[in-house]
Amino acid sequence: MKKFLAVLLIVALGGALYLINQDEYLAFVDMNVTRMRKHEGDEFVRVYATKENSRIYIIDAQGYNPGLMLKVEIDDEDIKALEIISHNETDKYGGYAEQEWFRNRFLGEYPDKFELVKIRKEAPGEIVALTGATITTRAIIDAVNLCIENYGG
Amino acid sequence: MQLIYVLKIMEVKMKKLKGLAILLTFLLVFAACSTTEVEQPNELSYEGSLKIAGLDSDIEVSYNDIYSMESITEEFLGISSSGEESKNTYTGVKLNDVLALYGAGQSDFSFIRLTASDGYAIDVPHEIISQKDIVLAYEINGEVMEERSLPLRAVIDGERSMYYVSKLAEITLVSGNLDVSSEFEKIVILEVAANTLTLEDYTYYESVDKAIRGSELLEKFSNQETESVHFMAYDDFEKTEMLNVINQGYIKMTGENSPLFLAPELPKGMHTKNILTMDSGDVVFLSMHSAHEYFEESQIGEFVGISFENILRLLNISSEMYTLEAADGFQVDIPQSDLVQTIISESNGSFRVRAPEGMPNNYNLKDLMVIYPQDPVRESQGSTDVVDGEGLTANWEIQVDGLVDGSFTFTSDRAKSRLDLVELNTSVVRNDETLEEAWQGYRVLDVLSFLKVEDFDSIVFESGDGFKLELPASEINENSILAVVRNGEEMTDLDNLIRLVLDTPVSSNWIKGVVRLTVK
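Chains U and F are the protein sequences, given in the same order. In terms of our numbering, the first sequence is residues 1 to 153. In terms of our numbering, the second sequence is residues 1 to 520.
You may find that some hints are simply not true.
Chain F is nowhere near these chain U residues, computed Cβ spacing over 12 Å in every case [what the hints assert, rightly or not]:
no.: 1; residue: 5
no.: 2; residue: 13
no.: 3; residue: 14
no.: 4; residue: 23
no.: 5; residue: 30
no.: 6; residue: 83
no.: 7; residue: 86
no.: 8; residue: 108
no.: 9; residue: 117
no.: 10; residue: 122
no.: 11; residue: 124
no.: 12; residue: 132
Subject to a maximum C-alpha distance of 20 Å in a straight line, what follows is the list of computed DMTMM-like cross-link-like pairs (lysine to aspartate or glutamate) [stated by the list, open to error]:
no.: 13; chain 1: U; residue 1: 92; chain 2: F; residue 2: 265
no.: 14; chain 1: U; residue 1: 118; chain 2: F; residue 2: 256
no.: 15; chain 1: U; residue 1: 121; chain 2: F; residue 2: 146
no.: 16; chain 1: F; residue 1: 87; chain 2: F; residue 2: 146
no.: 17; chain 1: F; residue 1: 268; chain 2: U; residue 2: 98
no.: 18; chain 1: U; residue 1: 118; chain 2: F; residue 2: 200
no.: 19; chain 1: U; residue 1: 113; chain 2: U; residue 2: 91
no.: 20; chain 1: U; residue 1: 118; chain 2: F; residue 2: 265
no.: 21; chain 1: U; residue 1: 118; chain 2: F; residue 2: 146
What the hints contain is simulated information worked out from the structure, not anything from laboratory work. Here the structure is a predicted model, which is why all the values come from computation and not from measurement. Cβ coordinates follow ideal geometry from the N, Cα and C atoms, glycine included.
So that you can see chain U by itself, here it is in the shape it has in the complex (with noise of 0.2 Å):
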């Protein structure tokens, strides 16, 4: 009897640890990705290499609200996707930062560093604001920038 308690005791404590080291990220990427650990820390949360050679960030995007959390994934050429994880942005102004057609604007190929406007595009790099949210649009721009720059480090 004593020995069964031992032997439950110790499964359920490798149960427990097992659930406490399991990444809970790895809900948002392609489950065939390797935990760069050593790219983590400050703002990036987690970084994966992908079997595609491209790179995942999850990032923490410092937006008008705590709680901003990108994903971004990037290769040698392109932003290959951007999606908010999480945010507590205001639904009609920095909430908008979860359309396609804001985020389309980062994707595909990317320069050194991306620059925020407020009218118009004029020249490629160029990501124009959300209307009414120029902080959230800061936030991610300069949280996809810090994708660039390790990526490219």
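Given the coordinates of chain U, work out where chain F should sit on it, guided by the hints.
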């Protein structure tokens, strides 16, 4: 013995335990009381002051002083920009109570501007401030507001959320009327006017729309220097914006919510959507697209549009005569009695006047851009040569040919209402005698200017009997007039109602009975 010893030890221990239990209980009670004291919320405190301008002198009231004033706690109804209503209980101080300390009250002012620390500003009009309290709130639903709203949030019961200004930093009390004129000298169709300016791309959410700069619009169409622009939207929302804000901003002419006033640095809550009119000084801009939302359509024959009667009533304009001007400068005069029977209809992006059958065809002006209400009496411009032509009764017409858009009939009525009657004294030698005469008439150059003739080589003057005289531009000057009065008497000879008179020593070129001018 050992048992007794053990029992003794246990007894002692029990006593100790009992004492310990009592001590622990005491400590717990003490801790609870202390905790209760520690957990009492700290009094609200916020560094800084609320600036209040517009009293005898500008003042600053510290936020902490406001928190310590007598407060109210009431339920307020707020209305979001999408029309959703919500009720919250706010605790705060009435602005009227603050102003009372300085011998003032809300209703003393024309409007009150609320400005947040991030620059957002909104004017609360007299209609609101004279009837409702602005409350400087710092608690909502029993809790101190979040940092994003502190130190104060202006709240007004039953009003739109745009007036609920958070992080209130300054209150400006404005007296008097800020350049809002009800006597417009010009009504400009905004869409047509915009097409004469530079249309720039302006990204608005997901679309790239077209916009004009506010500064360019006013520079081109406004003759008065003003401090502000007044907007009215087709949902009856009204707002006054300071000129420096207008000059930084754009009017988005296409896409969602257009015409819409916005600026890159302007908080979204200060954008003005669906503009119906915007006025500045003596000019009012009217959006026909918004007019279609605001008014019911009227119909004349197969055409639908907006009736002029509705437009004039909206703008509170009444005049005996109006001059309607197209984008190309062509003009037509229409008396109010006729104008109110016409409509403005849109066709292929152009706005055209449609008059009922039986009215003159030239009323059906296409590409209408400007409407000028005419003053019943035209005042002198200050020249010593300008005289009063009101008493003139003769009716004449001059056909003007060679204009960019064809011909134009220039009438005595139009001359009286639009041009200055000037005086010219001549001295002519005839038969070795010097004849001095005093003439009154209209400068040829003024007539050409009225007809938008900016550049010409010569003018052919033709009399009723067919005689023609071509004068080069170099011989037409300020003293070349079309005279209607000779030596104080109106010229009433039907064959010579109007005569070309020049400042020359001989009168051989002074064409009598002018009936036609041809611009070359």
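Results of checking the hints against the structure:
In this structure residue 5 of chain U is separated from chain F by more than 12 Å, as the shortest Cβ-Cβ distance comes to about 32 Å. With a minimum CB-CB distance of about 33 Å to chain F, residue 13 of chain U clears the 12 Å threshold, and the non-interface call stands. At roughly 39 Å, the least C-beta separation between residue 14 of chain U and chain F is larger than 12 Å, which holds for a residue marked as non-interface. Every Cβ of chain F is farther than 12 Å from the Cβ of residue 23 of chain U; the closest lies at roughly 33 Å, confirming the non-interface assignment.
The claim that residue 30 of chain U is not at the interface with chain F holds, since no C-beta of that chain comes within 12 Å of its own (minimum 29 Å). Consistency note on residue 83 of chain U: stated as away from chain F, and its beta-carbon is indeed over 12 Å from all of that chain's, at 18 Å minimum. Listed as outside the interface, residue 86 of chain U is consistent with that label: its C-beta sits roughly 19 Å from the nearest C-beta of chain F, beyond the 12 Å cut-off. Listed as outside the interface, residue 108 of chain U is consistent with that label: its C-beta sits roughly 17 Å from the nearest C-beta of chain F, beyond the 12 Å cut-off.
For residue 117 of chain U, the requirement that its beta carbon stay farther than 12 Å from each beta carbon of chain F is not met, with the minimum near 9 Å. Residue 122 of chain U, annotated as away from the interface, has a beta carbon of chain F within 12 Å; the closest lies near 9 Å. The Cβ of residue 124 of chain U lies farther than 12 Å from every Cβ of chain F, with a closest approach of about 15 Å, so its non-interface assignment holds. Non-interface call for residue 132 of chain U relative to chain F: violated, since the shortest CB-CB distance, roughly 3 Å, does not exceed 12 Å.
Distance restraint check for residue 92 of chain U and residue 265 of chain F: the Cα-Cα separation of roughly 17 Å lies within the 20 Å cut-off, and the hinted pair is therefore satisfied. Taken as a hint, the residue 118 of chain U and residue 256 of chain F pair is honoured in the structure, with Cα atoms around 18 Å apart against an allowance of 20 Å. Under the criterion of a C-alpha separation no larger than 20 Å, the hint pairing residue 121 of chain U with residue 146 of chain F is inconsistent with the structure, at around 36 Å. Restraint check for residue 87 of chain F and residue 146 of chain F: the C-alpha separation of about 17 Å stays at or below 20 Å, so the hint holds.
Our distance criterion of 20 Å between C-alpha atoms is met by residue 268 of chain F and residue 98 of chain U, whose separation comes to about 18 Å. The suggested pairing of residue 118 of chain U with residue 200 of chain F holds, with an alpha-carbon distance near 13 Å, which does not exceed 20 Å. Straight-line distance between C-alpha atoms of residue 113 of chain U and residue 91 of chain U comes to about 27 Å, which puts the hinted pair past the 20 Å bound. Note on residue 118 of chain U and residue 265 of chain F: the hinted pairing holds, with a Cα-Cα distance of about 8 Å set against a maximum of 20 Å.
Annotation: proposed proximity of residue 118 of chain U to residue 146 of chain F is violated, straight-line Cα distance about 29 Å (limit 20 Å).
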